[in-house]
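J.: Residue numbers (this note's numbering), protein chains in the order written: chain U, 1 to 368; chain D, 1 to 368.
Just so you know, these hints were derived from the structure itself, not from any lab. Just to be clear, a hint being listed does not mean it is correct.
Put simply, identical chains are the same to the list, so a pair is met inside one copy or across any two.
Straight-line distance between alpha carbons at most 25 Å, and here's what the computed SDA-like set of lysine to any residue pairs gives [stated by the list, open to error]:
(1) K235 to A290
(2) K235 to Q324
(3) K235 to S287
(4) K235 to E294
(5) K235 to A326
Just so it is clear, the structure is predicted and the values come from calculations on it, not from any experiment.
The primary structure of each chain is shown beneath.
There are 2 protein chains.
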Amino acid sequence: MKAQGRETRTIWLEPDGRTVGIIDQTRLPHEFATLRLTDVAAAAQAIKSMQVRGAPLIGATAAYGMALAMNRDASDAVLADAATTLLATRPTAINLHWAVEAMRRHLAALPPGRRSDAAYERAAAICDDDVAINRAIGEHGIAPIYATWRKKGERGKVEILTHCNAGWLATVDWGTALAPVYRAQQMGIPLHVWVDETRPRNQGASLTAWELREQGVPHTVIADNAGGHLMRQGKVDLCLVGTDRTTANGDVANKIGTYLKALAACDNNMPFYVAAPSPSIDWSLGSGDAIPIEERDPREVTEIAGRLADGTVARVQVTPDGSQAANPAFDVTPARLVTGIVTERGIAPASRDGLAALFPEFRAAVRA
Amino acid sequence: MKAQGRETRTIWLEPDGRTVGIIDQTRLPHEFATLRLTDVAAAAQAIKSMQVRGAPLIGATAAYGMALAMNRDASDAVLADAATTLLATRPTAINLHWAVEAMRRHLAALPPGRRSDAAYERAAAICDDDVAINRAIGEHGIAPIYATWRKKGERGKVEILTHCNAGWLATVDWGTALAPVYRAQQMGIPLHVWVDETRPRNQGASLTAWELREQGVPHTVIADNAGGHLMRQGKVDLCLVGTDRTTANGDVANKIGTYLKALAACDNNMPFYVAAPSPSIDWSLGSGDAIPIEERDPREVTEIAGRLADGTVARVQVTPDGSQAANPAFDVTPARLVTGIVTERGIAPASRDGLAALFPEFRAAVRA
Numbered sequence: 001m002k003a004q005g006r007e008t009r010t011i012w013l014e015p016d017g018r019t020v021g022i023i024d025q026t027r028l029p030h031e032f033a034t035l036r037l038t039d040v041a042a043a044a045q046a047i048k049s050m051q052v053r054g055a056p057l058i059g060a061t062a063a064y065g066m067a068l069a070m071n072r073d074a075s076d077a078v079l080a081d082a083a084t085t086l087l088a089t090r091p092t093a094i095n096l097h098w099a100v101e102a103m104r105r106h107l108a109a110l111p112p113g114r115r116s117d118a119a120y121e122r123a124a125a126i127c128d129d130d131v132a133i134n135r136a137i138g139e140h141g142i143a144p145i146y147a148t149w150r151k152k153g154e155r156g157k158v159e160i161l162t163h164c165n166a167g168w169l170a171t172v173d174w175g176t177a178l179a180p181v182y183r184a185q186q187m188g189i190p191l192h193v194w195v196d197e198t199r200p201r202n203q204g205a206s207l208t209a210w211e212l213r214e215q216g217v218p219h220t221v222i223a224d225n226a227g228g229h230l231m232r233q234g235k236v237d238l239c240l241v242g243t244d245r246t247t248a249n250g251d252v253a254n255k256i257g258t259y260l261k262a263l264a265a266c267d268n269n270m271p272f273y274v275a276a277p278s279p280s281i282d283w284s285l286g287s288g289d290a291i292p293i294e295e296r297d298p299r300e301v302t303e304i305a306g307r308l309a310d311g312t313v314a315r316v317q318v319t320p321d322g323s324q325a326a327n328p329a330f331d332v333t334p335a336r337l338v339t340g341i342v343t344e345r346g347i348a349p350a351s352r353d354g355l356a357a358l359f360p361e362f363r364a365a366v367r368a
Numbered sequence: 001m002k003a004q005g006r007e008t009r010t011i012w013l014e015p016d017g018r019t020v021g022i023i024d025q026t027r028l029p030h031e032f033a034t035l036r037l038t039d040v041a042a043a044a045q046a047i048k049s050m051q052v053r054g055a056p057l058i059g060a061t062a063a064y065g066m067a068l069a070m071n072r073d074a075s076d077a078v079l080a081d082a083a084t085t086l087l088a089t090r091p092t093a094i095n096l097h098w099a100v101e102a103m104r105r106h107l108a109a110l111p112p113g114r115r116s117d118a119a120y121e122r123a124a125a126i127c128d129d130d131v132a133i134n135r136a137i138g139e140h141g142i143a144p145i146y147a148t149w150r151k152k153g154e155r156g157k158v159e160i161l162t163h164c165n166a167g168w169l170a171t172v173d174w175g176t177a178l179a180p181v182y183r184a185q186q187m188g189i190p191l192h193v194w195v196d197e198t199r200p201r202n203q204g205a206s207l208t209a210w211e212l213r214e215q216g217v218p219h220t221v222i223a224d225n226a227g228g229h230l231m232r233q234g235k236v237d238l239c240l241v242g243t244d245r246t247t248a249n250g251d252v253a254n255k256i257g258t259y260l261k262a263l264a265a266c267d268n269n270m271p272f273y274v275a276a277p278s279p280s281i282d283w284s285l286g287s288g289d290a291i292p293i294e295e296r297d298p299r300e301v302t303e304i305a306g307r308l309a310d311g312t313v314a315r316v317q318v319t320p321d322g323s324q325a326a327n328p329a330f331d332v333t334p335a336r337l338v339t340g341i342v343t344e345r346g347i348a349p350a351s352r353d354g355l356a357a358l359f360p361e362f363r364a365a366v367r368a
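With the rest of the complex left out, here is chain U:
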């Protein structure tokens, strides 16, 4: 998608064919800066510090992290270490496990002398697959947007509410929840996106608002508290969010606060769709209760980063000294609140049978 008017991905192999470029997402929206990753430690740090974030992009970065490790030393010991280092960065997104395990299995089967080239090839393929998956999610996700547009008599705008950032910045390109938005925009369907600011890290206010602005999609940032009120007032037509891990029964772990919006959508008879590329589906878990929920630094709640009047970026403390904070990063939305799960193979009902019908090859992996 476009960043400052130029087509770009969120992660790329640099011209040297060995180091890896990323957008430093912690600098957005006030500054567009890129970074070069040269070893696995840097890749792990980029994931941990959220310079890259979003389940699919975490997976892609981890894949390249494995390649960076193999480039230095393709021994079995380094292969095992690199996997351990990367897996320890963040616990909730399943794509991380998926990508690291896929790389590890692929590389372990090769003699060390062939691992480095194979790792770069496989990481590039994971990135290309992500783009293809998201493009397909975009195609399938148009359906509920177009249906809404027809239902409104092709008047006004389709009003979409989204939470956190599940746009192209969360993936290699296109995005998950926002892929249908971008495709609908290309088709000429008038849209407006309500962007939850998504405290505590403000990925909505900083990343989703930035990328929608860059693509020219009309949007309005709101406090996370406002969505239920807007739904009650009839100002939202449908909700569209991403997921960090969806379990085999259709329970959806996503950024903290997603559950509250799903409750409000349900209370207002409003469709609530989750865009889930298949690598974010955890077929081994039968319910969302088993998903580990990352507890992040309380300072993400007590301090907020932004731009001062003089243009510099700073952190301000919003709580009194001596008041503690808690910071669970994700919540689980039960399948019963989800209208449909938009995958690269189509839209599935949020249920064991619904998902298994689209992905029969995983039926055996699903635990009862």
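Mind docking chain D on chain U? Use the hints.
T.: Only chain D this time, still in chain U's reference frame:
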């Protein structure tokens, strides 16, 4: 309650007997500063700029605003003008209308020469009534806290979630939703309060956290997004919030985001109580749909105030330039989601009959 270890109210008559002192709540939690109001314009500005906020305190400040006007010029014209000025400050809290109308009617019946003294007396009485009402709410609101404590086998702590600030800072003293918390603390019931930060103005993170810290009540600040997750995890026992206007049928207008927490409480079979002093009940409205919802400056969403590392207080911008924001300040929680309304006369079911049974004198005012 205590501020910096000293008992104080949020509004008081200065020793000169004419000017009025307030705590400048926009400076909290980083600085405890007081202000002296000398005329009705200053009182109106204090309400509009949220130096004072919270439905009961807005009412008390408006009452003293009328007195400040009468002190300068007790003519009919000034009486009418002062009422108009004060009523124009904020649209949602019904206490403002209630206090201004009570003052206007009382003063209009008197000859101008007696209005000034009468205005100060009446404003003081409104303040004292508020304190008495809140103390009574505290007594009645202990019941569900004590019941929870018993249900938990008097082990651990009663875990209470609150939204925004409905503590003593929102009233003249004691608070509404927090009055039962303070009384329960005095009774020795171990408590812990989850404090929603309450974006966009962060009244939870800045005011509720500050006043709980000052009274020594254990508490943890959380992003507004986190409450639903904590309820699903069994980490909340009950919710207790205030209200800016409750209609005759039990619908509750309160700070934006309250509705989302009520939905989550309902989804988790958790009690959701609203503390409503009778002046915040609008007997003339049959449902919450008729309550005007204040739309505030979008900069409250795009910019956040806090303390920099050097101790100065500054505003930082969190959104990209060119992204617009919307800022509805309140939402309406339908009566069906409210377990009970804690008033100064007891706890009423959130229904027309429930409220009318406690306040039969208003039965005639209730429109069908």
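J.: Under the constraints set out in the numbered hints, which ones does this structure not fulfil?
T.: Of the numbered hints given earlier, the structure breaks none, since each of them holds.
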